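Student: One-letter residues, chain by chain:
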Amino acid sequence: MRATSAADIAIEVSGLTASYGHKVVLTNVSFSVKRGEVFAILGGSGSGKTTILRHLIGQARPAAGAVKVLDTDVAAAPEDQLRRLRSRFGVLYQTGALFGGMTVGENVGLPLRELTNLPDAAVDVLVRLKLRLVGLEGAENLYPAELSGGMRKRAGLARAMALDPDLLFFDEPSSGLDPVLAAGLDRLIVKLRDAFGTTMVLVTHDLDSVMAVADRVILLSGQARGVVAEGDPRQIEKSAARAEVRDFFSRCGLRHASAGIDSTVTNRIPENGQ
Amino acid sequence: MKPFQIQDDADALRILFGPRFVRTDTAAFWDEIDDSVRGTSRERVELDFTACTRYDSSTVVLAAALRTQCEQRGISCELHTPSGNFDELLSAASAQPPDLRTRTTAPASDRRYPTRIGDAAVRLAESVYRALVFTGESAAALAEVLRHPGRTRWGETWRILQGAGADALPIVALICFLMGVIMAFQAAVQLHTFGADIYVADLVALSIVRELGPLMTAIICAGRSGAGFAAELGAMKVGEEVDAMVTMGLDVQRFLVTPKILALLAALPCLTVLGNLIAILGGMLISATVLGLPCAVYWNETVAALGYSDFFGGLAKSFVFAALIAGIGCYRGLEVGTDAQDVGRKTTSAVVTGIFFIILADAGFSVLYHVMGI
Chain A
1467 MRATSAADIA
1477 IEVSGLTASY
1487 GHKVVLTNVS
1497 FSVKRGEVFA
1507 ILGGSGSGKT
1517 TILRHLIGQA
1527 RPAAGAVKVL
1537 DTDVAAAPED
1547 QLRRLRSRFG
1557 VLYQTGALFG
1567 GMTVGENVGL
1577 PLRELTNLPD
1587 AAVDVLVRLK
1597 LRLVGLEGAE
1607 NLYPAELSGG
1617 MRKRAGLARA
1627 MALDPDLLFF
1637 DEPSSGLDPV
1647 LAAGLDRLIV
1657 KLRDAFGTTM
1667 VLVTHDLDSV
1677 MAVADRVILL
1687 SGQARGVVAE
1697 GDPRQIEKSA
1707 ARAEVRDFFS
1717 RCGLRHASAG
1727 IDSTVTNRIP
1737 ENGQ
Chain B
183 MKPFQIQDDA
193 DALRILFGPR
203 FVRTDTAAFW
213 DEIDDSVRGT
223 SRERVELDFT
233 ACTRYDSSTV
243 VLAAALRTQC
253 EQRGISCELH
263 TPSGNFDELL
273 SAASAQPPDL
283 RTRTTAPASD
293 RRYPTRIGDA
303 AVRLAESVYR
313 ALVFTGESAA
323 ALAEVLRHPG
333 RTRWGETWRI
343 LQGAGADALP
353 IVALICFLMG
363 VIMAFQAAVQ
373 LHTFGADIYV
383 ADLVALSIVR
393 ELGPLMTAII
403 CAGRSGAGFA
413 AELGAMKVGE
423 EVDAMVTMGL
433 DVQRFLVTPK
443 ILALLAALPC
453 LTVLGNLIAI
463 LGGMLISATV
473 LGLPCAVYWN
483 ETVAALGYSD
493 FFGGLAKSFV
503 FAALIAGIGC
513 YRGLEVGTDA
523 QDVGRKTTSA
533 VVTGIFFIIL
543 ADAGFSVLYH
553 VMGI
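These protein sequence lines are chains A and B, in that order.
Residues 1467 to 1740 in the numbering used here are what the first sequence spells out, letter by letter.
Residues 183 to 556 in the numbering used here are what the second sequence spells out, letter by letter.
Pair ranges (Cβ atoms, derived):
{"hint": "1", "chain 1": "B", "residue 1": "G256", "chain 2": "A", "residue 2": "R1520", "range": "53 to 59 Å"}
{"hint": "2", "chain 1": "B", "residue 1": "L467", "chain 2": "A", "residue 2": "A1611", "range": "53 to 59 Å"}
{"hint": "3", "chain 1": "B", "residue 1": "T206", "chain 2": "A", "residue 2": "K1657", "range": "25 to 31 Å"}
Hints in this document: simulated from the structure, not taken from any laboratory.
Quick caveat: nothing in here was measured; it's all calculated off a predicted structure.
From the three backbone atoms N, C-alpha and C, an ideal C-beta is built for every residue, glycine too.
Chain A with its partners taken away, still in its complex shape (with noise of 0.2 Å):
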């Protein structure tokens, strides 16, 4: 019964309206993202991402619409369903979001211990080589406090994908990291998405990040309370007709050169954010 294209769909938000008791965020929001694709939820500051992001793995309800993850309906389904699709996605949090008292290890083998069967030593090899894929072999035995911020986030990453989830939430993924670290953040959020097929939903504003590894984007406003712009970024850095999609994709014009741009405009400084 399930139809043809609910199977390559892996969110589909239809008609969100998110509000934190009198105050509306959202009004009327709707996209949806196919499986295995990077895509990203953009907006200037107070603009509602973190909203949607709370609304799609389910730690708020939405006030009206409908949010399906997975094909699970998040608003309605009961919480046993809940706790099954939670296991099948992860998310990095914004600093990692790791447990202080337990070293790197323990923290990416805990899902696995607590909500497997798995024996003990196959814990341990999966840990390995879920570090592995983040380029942090060796530190299992490491404390959170013992590392870098970049490490942190990737030891996050690593436990958020320790149970294969089918879908991977971002949020801020490149806060708090150096160019570098951050363009390897990207490099390995491909990576992983082209080596599994997992979907990929990142939250940030982080533009560079976002030209760089995203299929596809949605641009939050938070004086229209929803969606203005919604596409492949490159089209809508090219094409965009409103000026706030255009101020923010240029960064009011501040925002270095890249296609589309013309050069001069970088060089003047514009006064009072025009």
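Dock chain B against the given chain A, drawing on the hints supplied.
Tutor: Showing chain B alone in chain A's frame:
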């Protein structure tokens, strides 16, 4: 039907994996497959994953483990892998990180006894030194309050006073009341045999006001406010809020510690006086009901038994206890490092250390009052 088949042929042990072999299957059949390979007497093992299109990293780990086992026993192992990233994962799972062993053991420090005793002594000296510095800083900050009262954060102090004082009243009242009841009961049974019923009032009044009232109230406050202060400051340390304050040039003592000490210095004596009164009322209730002593008689006896020195001697203790609870709570809170577990450890330690020092100070007071003849 099992998601795999074992064929024990004459030339080789063949394990054929089905189209779907994922984590749950790996967990369920790990031992069975492992045992079959372990128990085989064949020269060759063939692991056939070619049909397996739905696999995950646990499947790969199983394959790697089986292959390693064969290699260790000198059996030849043939692995047929499916298309996809199986091979890539397999090489990642099989590779032994070269520096794993060296890093598994934490920096091997010298664990001989003389070294450990020395280390412990140095640590002890350091912690005593830090505690002394903290005490000095706190005292200086309190002196600063007297010199420049306007610079103290009275709003913050008031907020803490609410939490540490008014909000603590119900539990302090309940416990002190029960303490008065218990003491009166115990005393009534003993004194009644001598016909000295009236002295229940003296006994309850003196032991509560001089000793137990201040002590119990302080212990309750150490559990409530001392733990609260430590956890609050600890969470601020973890969130780098304390660091932010220091870099802004704000004095942590003046900003965070002094208001707490001031608030508790005001709250604890008030709680103690109220607790004393309620404990005496508890004693009165028992005397009236069990011994049939009129309340007025009990009250007059209490007033006659208590001297000013008893009352103020008890009150003086509560000021010292207040400074100890708030100081130790803040000190432990500021000791917190960077993780959440540390907050729990230091909060526990704040209560334990706090109660220890309260009892120690109380013993000191007993000796002091004895010498002074109070």
